[in-house]
Amino acid sequence: MSLEKKYPKEVKQILSKYPPEHKRSAVMPLLYLAQREEGYLTKAAMQDVAKIVDITETDVAALVGFYTLYHEKKEGKYRMQVCTDLPCALRGVEEFMESLCSNLGLKVGETTPDGFVTLEAVTCLAACDKAPMFQIQGPDGIKYHENMNVDRTLKLISVLRKSVRELE
Amino acid sequence: MEHILLRHREIPDLHEMDIYKKNGGFAAFKDAVTKMKPSEVTDVVKNSGLRGRGGAGFPTGMKWAFIDNKNWPHYVVANADESEPGTFKDREIMEGNPFQFLEGLALASYAVGANVAYVYIRGEFWELASFLDEKIAEMEEAGYLGDKLFRTDYSLRIYTHLGAGAYICGEETALLESLEGKRGQPRVRPPFPPSYGLYGKPTVINNVETFTNVPMILAKGADWHKSIGTADSAGVKVFSLSGRVRKPGNYELPFGTTFRELIYTYGGGVQDSRAVKAIMPAGASSSLILVEGDKVLDTPMDYATVRTLGGDLGSASIIVIDDTVSMDWLVNKTVHFFKHESCGKCTPCREGTYWMSNITERIHSGHGTTGDVDLLLNVAKQMQGKCLCALGEFSTMAVVTGIERFPEDFEKAVSPVPLPPLLVREGESVEKA
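Those protein sequence lines, which keep their order, are chains G and X. The opening residue of the first sequence carries number 1 in this note's numbering; numbering runs sequentially from there. The opening residue of the second sequence carries number 1 in this note's numbering; numbering runs sequentially from there.
Isolated chain X, as found in the complex (with noise of 0.2 Å):
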């Protein structure tokens, strides 16, 4: 099947704009901005089915038509801070195929009634960010960008905004508030950005790839988007596969394609021809899924199934862990990654991967003792559910479905003796696993 997003990979300098034109490019976005009201746009899009691919994969066009019309003016804002560990897909969007990624960014402006749209880029993304400047630059030049566009009352401008690495900027509000000048911290919710977002004005934030679908979808139709892919998730997905693999990459396929055609087929298989011991299907927020048999691996990758394994598709950063991987390793990994990344804004949130940071080290090294492993499990269930955004949470996936589905990992690396009663509450029961 031809490519839909990564269309770069057929059409060679698909980032030059005579070539973009030349494939199509525009008619969308001229079509809409002519002949359409911003609320058929809207409308389209919600009838593809097209579901946000930041990780979410809450449906696009139903947030579009939550934009407030009472309060104006209207934003649009490109989530481009794509920081996942085993996310890399918006990078290569937007380097190979920059133009379709601003035409959905556009048409969503249109559909919302927003004259400023954002692209809110991390900061290591530098020269990227330059690169979209330029590309910019040129549609403003050819009359895409600018004032009464195509001679009509539309104008949309279009700018970039470099992050300066901070993880917890790709949640929705912790980007608004940066963008805004301000730390990064989530903001309560609701209200939702859609009625309160960028300076307290109606905002619609979606992910890099979800805008770069929508010029396609306006150019062919609804029914089109909704003939690929499964019931449950229209369309195609742009899988980042990394870890243990041959040809780690992006692979644009429709949802439904299974683990195993992802890995084998596409990825050329598992490093060393080792099995397959763990799918993390979400980057490292995600649950760790264990693999036995052939059921996971035979498993069509979609929102709804990928659940029924006890995981989350999210932004499909499929993390492959083959056989030699212990997981006492790998959740000192994440958990120090989270630690890292936490905002400070929450007490469980900081507290908790701080000191789940401080116990999986203890594991890992070689000091950790059986109870260790029942205080860390004890740690990240305490915070579970009590953090305003998911960072909290996603920092407890990893470590809670390592200990649940792999205790033998755990257990090897640790030596029998149980926690010290000091660290036990009067009262309290340490959970067990």
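Chain G on its own, in the form it takes in the complex (with noise of 0.2 Å):
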């Protein structure tokens, strides 16, 4: 189904933010919106998406290129990404990292073999003060989770994961 029909409301409501004649604008937004049941955008998904903005696929796949929250294949569920610059290596991130890997079994890049987690090493994201943190990246768009250690950080993906079985 296409994105306009799928998400009707959604599409006209962020077409409305932008002048009629640069609906290009728009593109940014749509793409979050075609990204979010798959987690990543196929190839159809942003054919959609060029067409409702009236540019081509090739723009629209240069800017998926180009942006980071935009992704072009299929990863864990959640994509958690932890912020590994300057300030926060200042406050222990390596550290952190390192004891995450190992205690999840996963190299940075890696999913688990459940398909639930990706873990990512990403660049800044504002939260210098409250270092080891990262963000998780999924169907419902992003979240904060700050001062985080190991333990809390393990707790929090079970707890996840017990939530989303239980919806599923």
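Certain hints may be false.
Chain X residues, not near chain G, derived (Cβ > 12 Å throughout) [claimed, not checked]:
id, residue
1, P59
2, S83
3, K89
4, R151
5, K182
These stretches of chain G come out as covered by chain X in the derived footprint (C-beta under 8 Å, 3 or more residues) [to be verified]:
id, stretch
6, 2 to 15
7, 21 to 34
8, 38 to 49
9, 94 to 106
Don't read these hints as lab results, they were simulated from the structure. Idealized CB from N, CA, C, for every residue including glycine.
Using the supplied hints, reconstruct the complex from the two chains, each of which is provided in its own coordinate frame.
Below, the structure is given as structure tokens:
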């Protein structure tokens, strides 16, 4: 089903933010909408978005490749994106990451065997005073988790896993 | 002193409309729209000495006065793409005191005759963007946004626009490209946004903190604002303090506060009572300021004075480096960041950050030679002054000042073998530190 048919209200609301002659501006919010269900952007989804804002698929693919919050490949349902930049590194994120990796049995960039969490290292998330910290990008958007340690992180993953299982 | 920007720290629930109104909220906007000419609003801001808080410190009122009145419509854009490593002030402002920010944005829009304003907010602030959407809806309901405000002919709408993870979109022309639905790559300037901005129309872009200063300036007057801070830099600044300090966080203080007061009085001093080795006053884009003796710590922080130390105050994101940190490790971190964030438009930046990152990685992993340090400095210096926007330049700041001001850290990290002759082109010699 096309994006416009599936989310008619949302598409209309997004387009209403920009002058009608500049509807290309809507491409980024539409890509978030298109990414909502699968967690990544399929070729069909990109074609769909291209049609709504009247640009080429190549233009859309160029944006998906440029911006880090759009994904072209299926990974874990949730992406745990740990900030590893200088201010966080000065507050122990390297040790945090190392211990998290060994506890999860993952290397950075890998996904748990059940396809639930992908562990990623990302650049600054503007929470330098609350390191170690990460965001979780999932179907319902992005959420910050600050002042974390490994125990609390593992607990968070298991709680999230349980609540998703119950919902499904 | 009571807060001017982070007022939510004294006033609980300031993010609620009735609380904000009870504390003087929206009076400045109503007064401006009903009693002042747009140019009078600009004049007050001009006379207040307010300078842009995004990093460049450009006089705000002057920027507004540059708007081209022969070309319409006009737009105002808030830069909420806070992404500089070490900067986390705009997030707190928007979360704690959202209406003061939005009122400032509305005042700027009135001053330059814009009927539409956008808040370009980084994609990671997903929850904050929905929160701002709610606040904007409340303002519409209360009659502070919409058509014919306060029964005048002035209309204004504010929309949020989420970025999607690109540091470069904090650069104003890259931000505009992104808002137009393109890749965030900087434009050639001039023309500057006040004559050619969003959709090619005159546009004012300011940082969140800059806008948040405006309602109080209108309410209390230009002289009141000028009486705070220093002659060079008027008013207060939200200093984001991070790194090896006991109490990292945001501290709103007048310009002219010393590094020592910020780090020791407010930040609780250095972790494990170590000595401060260096300060990065403008986040990862900073020069590394060498701290020896008392001179640097006792320097008042304003734009002009910090420059005398061989650095820039920028967005005042003070990263404290203690004496356990080796600069070869630090530079590897910052270069990795800029390599990841280079938009790829200018060859010196795209290639330079890539090769710098290869070299810093080699040095830091213990495989470097003295020749590598020379090569790193050589690459960094070749990049300077050759890129369209500041990102390329920023990526070299810590590298060059790290090697020049902390040579012993790099000497210790490499083995003493000179650069292989193949890496030096004929007739060229490697610049020495």
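Against the structure, the hints:
no.: 1; hint: P59; in the structure: holds (26 Å)
no.: 2; hint: S83; in the structure: violated (6 Å)
no.: 3; hint: K89; in the structure: violated (9 Å)
no.: 4; hint: R151; in the structure: holds (25 Å)
no.: 5; hint: K182; in the structure: violated (7 Å)
no.: 6; hint: 2 to 15; in the structure: violated (count 0)
no.: 7; hint: 21 to 34; in the structure: holds (count 9)
no.: 8; hint: 38 to 49; in the structure: violated (count 0)
no.: 9; hint: 94 to 106; in the structure: violated (count 0)
Of the numbered hints listed earlier, those contradicted by the structure are 2, 3, 5, 6, 8 and 9.
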